[in-house]
Amino acid sequence: MTAGDSASGAPFGLTAKRTATTGTDIERTVRPRVRRGLGGWLLIAVPYLWLLTFFLAPFFIVFKISLSEVAVAIPPYLPTFDLAAGWDDFVSGITALSIDNYLWLTEDSLYWKSYVSSIVIAATSTLITLIVGYPMAYGMARAPKAWRPTLLMLVILPFWTSFLIRVYAWIGILKTEGLLNQFLLWVGLIDTPLTILNTNVAVYIGIVYSYLPFLVLPLYATLEKLDESLLEAASDLGSPPWRSFWTITVPLSLPGVIAGCFLVFIPAVGEFVIPDLLGGSDTLMIGKTLWTEFFNNRDWPVSSAVAVLLLLILVVPIVLFQNHQQRATEKGR
Amino acid sequence: MAKKPIGPVRRAFAPWEDGNATPFIEFRNVTKRFGDFTAVDDLSLKIYEREFFALLGGSGCGKTTMMRMLAGFETPNSGEIFLDGQPLRGVPPHRRPVNMMFQSYALFPHMTVEANIAFGLKQEGMARAAITERVAQMLKLVKLEDFARRKPHQLSGGQRQRVALARSLAKKPKVLLLDEPLGALDRKLREETQFELTDLQQDLGMTFVIVTHDQEEAMTMADRIAVMDKGRIIQIASPAEIYELPNSRFVADFIGDINLLECKLTGRNGDSSTLRSEIFDCDIEVAQPVEASVGDTVWFAIRPEKVRIGFDAPATAVNRLAGEVWDIGYLGDVSIYHTHIRDEETIRATVANHSRVVERPMSWEDKVWLSWDRDAGIVLTR
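Which chain is which? The protein sequence lines are F and D, in order. So that you can map any letter, position 156 of the first sequence is 156 in the UniProt record's numbering, and since no number is skipped, the others follow by simple counting. So that you can map any letter, position 320 of the second sequence is 320 in the UniProt record's numbering, and since no number is skipped, the others follow by simple counting.
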């Protein structure tokens, strides 16, 4: 490395000249310029083409519909573009587009309430998932090495059944005469069955259950890498185990916590199946609103506007997540 | 393997020779098993206050387990460890007045150098101002004042090692445990650090216990060395004694370079003994009484630097052998001559290269004479 760095490397620096006083000389990384051949470009083109075809193009179609007007037709909106109709038709079609649907979203409180409620439900479930998942991941990472593959397998195992079927199964557990109530009655904890199904509690249970593996897996990966000698060093320096957990384990597992939380939060915001099957009529989530708009009201333009706005809302946490992952990779841990 | 430092000259410090001295650390019949493997086997050991004690041995000899039991990370299956007269059984690591410098340094990667050093002090509940003062003191001690706010990954290996040292010294523990502390450093840095560690230990007046597989490290720094093998201590003695008076072939072979000759004891007369080596077809006279019967198999051990080598038959030497130079190892400061005796067996003799002449007088296949004094070698019975 630099002269300042190697000079100060002498033990206890009796003879060391210390010239480096800031970290810049060590931290600076030089990105080498890569020369790419045709093959290289082709390789890079594949994912971009994929994104263009299957993400960007559909997005623009949805975006266009969101600017259209609802109509009794097939498809149920206007204007539609017909390539055969010529340029003038295209221009008049463009001028017919409006942002009325977006304005409508701000006028009817149902929509923004749905957004807020979705975010609140997703955030709360993420927090509960973290509280449930952290001890699981921690236990797995601290389990004897021979057990770990089995435990990992058990976390992944539910994925072998259809998501829909697993959520349906929860109906059987949570309903008034369901397994949970039968058990609680039998134990004697309650006298009358609890109403859990078709409430927000059931939605929380559903989301936490469904997304738990997405939190446990990245967290486990981080915790498993945690150098045990750090905990030994902490206890050697007088820190009791519970305190070492908060001062060493938790801060060092933060990358896993953040990754896991994003992986739960982002899909949970737009969740439709769980609130639809387990939630009640008062459970307000944007996924459900979108479904109603699209299938019950057949209002494609408004539902498209809802979808576009949802995407914009989610872009913020997604970008944050990407940034975080990027930094974690660059740090090399 | 040329330089064999006998250790720095010290003040007369030898509490282990005083029968009344109370040990500071005591292992009493300690056994530790991991499944079927016995890491430490019924081991007893006394270490005294202010001593620099080295546990030396190959990998898997139990030296690290000893240290981990002292720090509290492992519990002995049987036996008891005492620190300052108090039994340590049941005392968790965070309540032991012992600090350890880890082989991997185990610096907290998410904390700055400062925070790493302050960590132990915070656990004590020390006042903020006092912590700041002690941390500054420690940073000064290890000459890292300018690096206080860096994170461990922004430091070089040598700097990290000094942070680890500062962190383990910050609490001023009664005993400092050092687990292969210099393993990750290059040779030059290691040699300098060795002397700095000994100075530090004497200045601070702490008891240091070091675990190492590097004999040079142990010899340079320690007051006493315990050579371990298979969970047992083979010999405990000062570096010079370990080198000059090994008690077994294992110790003789482990520390430095040595010629081992299998012999029969042929005569015992008072303070001297005579041996017969069939392989070398020679009689050896040794100024040492041997605790064995005539006819028993014993081993004659002699360090290469104590064997003289020359062209002429030494007239006065009692012990001499004729041979032929087979190989020469030029190490700069010394040369090692591998000499074949009777075309078969090899004896190594080292000669210091006093002059700067590149061409040595002795060359391959030269007929030479080897000789040594009566007190140059040692007879080992096990």
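Simulated from the structure, these hints should not be mistaken for laboratory data. Hints may be right or wrong, so weigh each one.
[Said to hold, decoys possible] Not the full set, but computed from the structure, chain D residues with beta-carbon under 7 Å of chain F:
#, residue
1, Phe73
2, Asn77
3, Ser78
4, Val91
5, Pro93
6, Ala106
7, His110
8, Ala115
9, Phe119
10, Pro173
11, Trp369
[To be verified] Calculated lysine-lysine pairs in the DSBU-like style (CA-CA distance at most 35 Å, straight line):
#, chain 1, residue 1, chain 2, residue 2
12, F, Lys225, D, Lys188
13, D, Lys122, D, Lys140
14, D, Lys367, F, Lys225
15, F, Lys145, D, Lys122
16, D, Lys174, F, Lys225
17, D, Lys46, D, Lys230
18, D, Lys264, D, Lys151
19, D, Lys151, F, Lys145
Just so you know, even glycine gets a beta-carbon here, dropped at the ideal spot from N, CA and C.
Evaluation of the provided hints:
1. Phe73: Given a least distance of 6 Å, the restraint on Phe73 (chain D) holds.
2. Asn77: violated, 20 Å
3. Ser78: violated, 23 Å
4. Val91: violated, 12 Å
5. Pro93: holds, 4 Å
6. Ala106: The hint holds - Ala106 (chain D) has a Cβ within 7 Å of chain F, the shortest such distance being about 4 Å.
7. His110: Holds, because the Cβ-Cβ distance from His110 (chain D) to chain F comes to roughly 5 Å (cut-off 7 Å).
8. Ala115: violated, 10 Å
9. Phe119: holds, 5 Å
10. Pro173: violated, 9 Å
11. Trp369: Nearest chain F Cβ about 45 Å off; hint violated.
12. F:Lys225 - D:Lys188: Holds. Lys225 (chain F) to Lys188 (chain D) sits at ~33 Å (cutoff 35 Å).
13. D:Lys122 - D:Lys140: holds, 19 Å
14. D:Lys367 - F:Lys225: violated, 62 Å
15. F:Lys145 - D:Lys122: The hint holds at about 33 Å.
16. D:Lys174 - F:Lys225: Distance of about 33 Å is within 35 Å: holds.
17. D:Lys46 - D:Lys230: Given that 35 Å is the threshold and the Cα spacing comes to 19 Å, the pair holds.
18. D:Lys264 - D:Lys151: violated, 63 Å
19. D:Lys151 - F:Lys145: At roughly 31 Å apart (the allowed maximum being 35 Å), Lys145 (chain F) and Lys151 (chain D) satisfy the hint.
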